[in-house]
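> Since chain P is already given, all that's left is putting chain Z on it; use the hints.
Protein chains: 2
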Amino acid sequence: MISPSSSRILPALTWLRHYGRRELSSDLVAAIIVTIMLIPQSLAYAMLAGLPAQVGLYASILPLVAYALFGSSRALAVGPVAVVSLLTAATISRVAEPGTEGYLGAAVALALLSGLMLLTMGLLRLGFLANLLSHPVISGFITASGILIAVSQLKHILGVDAHGHTLVQMGHSLAQQLERTHGWTLLLGSGATAFLFWVRTQLKPLLRKRVGLPPFAADMLAKAGPVAAVVVTSATVAVFDLDTQGVSVVGDVPQGLPPFTVPPLELELWSSLATSALLISVIGFVESVSVAQTLAAKKRQRIDANQELTGLGTANIASAFSGGFPVTGGFSRSVVNFDAGAETPMAGVFTATGIAATALFFTPLFQALPKATLAATIIVAVLSLIDLGAIRRTYRYSKTDFAAMAATMVIVLGVGVEAGVVTGVGLSLALHIWRTSRPHAAVVGQVPGTEHFRNIERHSVVTSPQVLTLRVDESLYFANARYLEDTVYDLVARSPDVSDVILMCSAVNVIDASALESLEAINARLRDAGVTFHLSEVKGPVMDNLARSTFLDDLSGRVFLSQHQAMEALAPDTVRRAQVATAT
Amino acid sequence: MISPSSSRILPALTWLRHYGRRELSSDLVAAIIVTIMLIPQSLAYAMLAGLPAQVGLYASILPLVAYALFGSSRALAVGPVAVVSLLTAATISRVAEPGTEGYLGAAVALALLSGLMLLTMGLLRLGFLANLLSHPVISGFITASGILIAVSQLKHILGVDAHGHTLVQMGHSLAQQLERTHGWTLLLGSGATAFLFWVRTQLKPLLRKRVGLPPFAADMLAKAGPVAAVVVTSATVAVFDLDTQGVSVVGDVPQGLPPFTVPPLELELWSSLATSALLISVIGFVESVSVAQTLAAKKRQRIDANQELTGLGTANIASAFSGGFPVTGGFSRSVVNFDAGAETPMAGVFTATGIAATALFFTPLFQALPKATLAATIIVAVLSLIDLGAIRRTYRYSKTDFAAMAATMVIVLGVGVEAGVVTGVGLSLALHIWRTSRPHAAVVGQVPGTEHFRNIERHSVVTSPQVLTLRVDESLYFANARYLEDTVYDLVARSPDVSDVILMCSAVNVIDASALESLEAINARLRDAGVTFHLSEVKGPVMDNLARSTFLDDLSGRVFLSQHQAMEALAPDTVRRAQVATAT
Chain P
2 MISPSSSRIL PALTWLRHYG RRELSSDLVA AIIVTIMLIP QSLAYAMLAG
52 LPAQVGLYAS ILPLVAYALF GSSRALAVGP VAVVSLLTAA TISRVAEPGT
102 EGYLGAAVAL ALLSGLMLLT MGLLRLGFLA NLLSHPVISG FITASGILIA
152 VSQLKHILGV DAHGHTLVQM GHSLAQQLER THGWTLLLGS GATAFLFWVR
202 TQLKPLLRKR VGLPPFAADM LAKAGPVAAV VVTSATVAVF DLDTQGVSVV
252 GDVPQGLPPF TVPPLELELW SSLATSALLI SVIGFVESVS VAQTLAAKKR
302 QRIDANQELT GLGTANIASA FSGGFPVTGG FSRSVVNFDA GAETPMAGVF
352 TATGIAATAL FFTPLFQALP KATLAATIIV AVLSLIDLGA IRRTYRYSKT
402 DFAAMAATMV IVLGVGVEAG VVTGVGLSLA LHIWRTSRPH AAVVGQVPGT
452 EHFRNIERHS VVTSPQVLTL RVDESLYFAN ARYLEDTVYD LVARSPDVSD
502 VILMCSAVNV IDASALESLE AINARLRDAG VTFHLSEVKG PVMDNLARST
552 FLDDLSGRVF LSQHQAMEAL APDTVRRAQV ATAT
Chain Z
2 MISPSSSRIL PALTWLRHYG RRELSSDLVA AIIVTIMLIP QSLAYAMLAG
52 LPAQVGLYAS ILPLVAYALF GSSRALAVGP VAVVSLLTAA TISRVAEPGT
102 EGYLGAAVAL ALLSGLMLLT MGLLRLGFLA NLLSHPVISG FITASGILIA
152 VSQLKHILGV DAHGHTLVQM GHSLAQQLER THGWTLLLGS GATAFLFWVR
202 TQLKPLLRKR VGLPPFAADM LAKAGPVAAV VVTSATVAVF DLDTQGVSVV
252 GDVPQGLPPF TVPPLELELW SSLATSALLI SVIGFVESVS VAQTLAAKKR
302 QRIDANQELT GLGTANIASA FSGGFPVTGG FSRSVVNFDA GAETPMAGVF
352 TATGIAATAL FFTPLFQALP KATLAATIIV AVLSLIDLGA IRRTYRYSKT
402 DFAAMAATMV IVLGVGVEAG VVTGVGLSLA LHIWRTSRPH AAVVGQVPGT
452 EHFRNIERHS VVTSPQVLTL RVDESLYFAN ARYLEDTVYD LVARSPDVSD
502 VILMCSAVNV IDASALESLE AINARLRDAG VTFHLSEVKG PVMDNLARST
552 FLDDLSGRVF LSQHQAMEAL APDTVRRAQV ATAT
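Same order as they appear, the protein sequences are chains P and Z. The letter at position 292 of the first sequence is residue 293 when you use this note's numbering, and the numbering goes up by one with no holes. The letter at position 121 of the second sequence is residue 122 when you use this note's numbering, and the numbering goes up by one with no holes.
Please keep in mind that the hints were generated in silico from the structure rather than gathered at the bench. Do not rely on the hints blindly, as some may be mistaken.
For identical chains, the list gives no copy identity; a pair is met inside one copy or between any two copies.
[Unchecked claim] Here are the simulated SDA-like cross-link-like pairs (lysine to any residue), alpha carbons at most 20 Å apart as the crow flies:
{"id": "1", "residue 1": "K205", "residue 2": "D340"}
{"id": "2", "residue 1": "K400", "residue 2": "G541"}
{"id": "3", "residue 1": "K400", "residue 2": "A548"}
{"id": "4", "residue 1": "K210", "residue 2": "K224"}
{"id": "5", "residue 1": "K400", "residue 2": "V543"}
{"id": "6", "residue 1": "K205", "residue 2": "P216"}
{"id": "7", "residue 1": "K224", "residue 2": "Q203"}
{"id": "8", "residue 1": "K210", "residue 2": "W199"}
{"id": "9", "residue 1": "K300", "residue 2": "S496"}
{"id": "10", "residue 1": "K400", "residue 2": "N546"}
{"id": "11", "residue 1": "K224", "residue 2": "W199"}
{"id": "12", "residue 1": "K224", "residue 2": "S235"}
{"id": "13", "residue 1": "K400", "residue 2": "L430"}
{"id": "14", "residue 1": "K224", "residue 2": "D340"}
Bound conformation, chain P alone (with noise of 0.2 Å):
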């Protein structure tokens, strides 16, 4: 027997349990798929991030291996994604030069460190900080990154030595450089580029309706593009000798299984790498739930968050020991990864034993695999994440959305990466407490005939001049609690015949300390004036921690349960007159 806690922590023992030939068959065919499509990816993303090709594969065994034990996710594909691979190179280019033996350990360091985040904010049940990433600011960091990533594999395509980090650094270059460009490597790069776009939008159809394929097999042949690309281009540079005439190819790769790794332990590498590393764990994890939730949902599975933390943080873990580098659950991988069939994270273990094979036998086959080629894999990969549509609509639903969204992407393509998602961040947050700390506020009056009360500007309906209703729209916390005294106070000061001030605390959910303060002062001032105030329909959660401050034995007026008694209480001539209007 498996007790279900053994089961919490290794999610693992729960299908391996049911595993039979039926799963097994799914998950081989599946994993074939995905070691195709991995293959060439794994290489590109070790490129993108400026680390040695055998990196790449490094990083497509042995995490996928413990993802498969420590996940909650059925159908996820972990490994070298483009955007964490960005993310990584950005951040290790400031700690050393890529090319030396410091970059690549700052890499492993990246990937322990990022494992060791994402362990511990699994283990204390924090999975719901990725929250604070609003949907459109992640939106609008994965569109202005896939543009980053694209421009940054011109240079590839082009075959020339520029840099930058940002677009207008990354285009000042190219356009230097352009005179440069290395005509054979032109003609591979636009080549490729040309046939993986033409193979993603065009090839499909065509094999469904011209040849005739059932659609999961032209959706899975055509996955296969990358490895037709990387077979005939290499083949090329292999015949016509192109390397000796300038064409970069990644080159030597060492034959082997990935190399057990000590991350180096410099408390100063990793303090520089602490903010970058938590970045790229919260990124990372936030991409890998939502592609995890949206494929188990399908087949009415649920993720658990906190278990992907732990899942992605061993992930990580193990990549940063067997030489590689941070790692993540990537969108489309696993999206095909699904399509195939697979049924259990046993596709992952796998497709890593095909990864494994491949650094063992096959790294020989990529000595004239042309860089170009690997740009054009990532550059078609990455035009997917670019989705001006969502721009769009955000636009049009809320202007302040967009702004964070739009500053997101300025700052993402202006300054960086890392600064774009915090300005994204930060504004979402300072956008909703500036929201909040200004809420919509309603004077009301009784619905003739009804109970009900409702904004006397939106609606008709009878009020009392001595009794005056303020309705706030929102929980009363410290960054609105000015903001409420300021509305009485002037409310109060406009009208001067008023005796009562009833505050309808029906869509108040919280009052917080500060709250309490303006309430009391409110009070304090309201009686001050002779004003007497009231509370109505304050909620049951709300009204027990009032009870445990002084507030409503100092409270001038009374508490009633519903709007309608404290008009009954205090204007009867007015709900009489609102009685009379339904009659006529």
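Structure of chain Z alone, referenced to chain P:
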């Protein structure tokens, strides 16, 4: 004629028009009392900031005139205050050695920077940013700063050379130096402290009951305590030549008006001071605007927060150009000014004149003034900042507010004043996000015999097995969008008979773009499961916003004006049952 716009830029124009003999005499009396109070305070707070005594006087002349012209409070007394002086010391001791030219330059630069920030915030109408500082965080910060300031002055009372910026550092340093305590200094210092404490707590009742002075006179006489301490201890030092025997004295203070000062325009210095300047600005503004509002309310006047920013901004710029350091509106001094009868900001101009006369003629009198006396003044003044009652009340009322308060205090005392405020603000925000990320949500049913729907767990209500209504008591935004999805899916999973889900939005004031995506996801997923999704009681502004997206077109169910209408349409039997229940 003065146009309204010019009086908005220069509020002084408003009150200057009606300035008469009555105002003049009231303001003069108040100014004399405040000047007597301000002389020892300005010297003491300059010492607290690590600056020469005359800098305190300089900061109490032009800034008062600038505020009188541009500020909106009639009673606020601007000048050096304890907390801002502490923050100033913490900031500039990071960039320069106390006692050097650079230290003085940094203080001037900090005042200019802070002034420019306040002015900019005023022009951009960013006064609402002060709302980010919740009452518990401010209260915790002020109490902890008070403790820190009091402890930091013990070295002057003991006559030793202790140092440190945290409570532990200072305690440790004091303990090491304890044996070197200087007898004469201790005698003067503890004597002054005891005297001032007695004045503060005992003298007023004594003057009223025994001597029979009217309350106001007793109050004002008690305020002159520090001056008496200054005179007596200075005389003692002068008569017994105690300064030659090791009693630290203020010493030579240059005679003359504030020098015109050009603040150092070093980019590096400015950028290293920027964060602190922002913090000093915001804290100074919050302290100032709180006391200004309290005093204005007593006379039914209003404070314009953005005009206050302008007033304090110009005061700090004036301070910088006249060799001063950061200033703000002081609490106790403003209360004295108000109680003494100040009618207009002209009282501040008169006070400035008094301090200018002091700087011109009376500085030789401070020659023999012991630093221990100034320390005693500070200690007794800041003790009133320590508000243990507020800590207790906050603890009882709200554990989250208390957490933010306690964290602020612990970090201020243990790490530093700036870190404390940043932690407090960050934690307040995080706790607010955390709280709203798990909003109160309730399944509701109909209260028999009414059209009201209430929480099924708190009330005896009628429900339908097919129609499930969820009320979420919070605006729907990025922090709780995922939680909303989880809650709905869990509910539906637990209720297999459900055919319709109604989301009751009576407490939803905003649906942001993230929450919109979640609603779209819920709608799609429930549709897949054969469940229809409806909304009820959507507020006007929220509905207007939803209409700008495609959500309402895609919604599988309907949007009902009221929950009662929704139930009448979807579960007429249940509504009938609720009616019958009332009849029995």
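> Next step is simple, just say for each hint if it's right about the structure.
Verification of the hints:
1. K205 with D340: Within one copy, since 15 Å is at most 20 Å while 84 Å is not.
2. K400 with G541: between (35 Å within a copy, 18 Å between copies)
3. K400 with A548: between (40 Å within a copy, 14 Å between copies)
4. K210 with K224: within (17 Å within a copy, 95 Å between copies)
5. K400 with V543: between (32 Å within a copy, 14 Å between copies)
6. K205 with P216: Within one copy only: 8 Å inside, 93 Å across.
7. K224 with Q203: Within one copy only: 12 Å inside a chain, 87 Å across chains, cut-off 20 Å.
8. K210 with W199: within (16 Å within a copy, 98 Å between copies)
9. K300 with S496: between (60 Å within a copy, 18 Å between copies)
10. K400 with N546: Close across copies (11 Å), not inside one copy (35 Å); limit 20 Å.
11. K224 with W199: The answer is within: 12 Å in one copy meets 20 Å, while 86 Å across copies does not.
12. K224 with S235: Within one copy, since 19 Å is at most 20 Å while 90 Å is not.
13. K400 with L430: Classified as within: same-chain Cα gap 15 Å, cross-chain 22 Å, threshold 20 Å.
14. K224 with D340: This pair counts as within: shortest intra-copy Cα distance 12 Å, inter-copy 81 Å.
In summary, the structure agrees with every hint in the numbered list given earlier.
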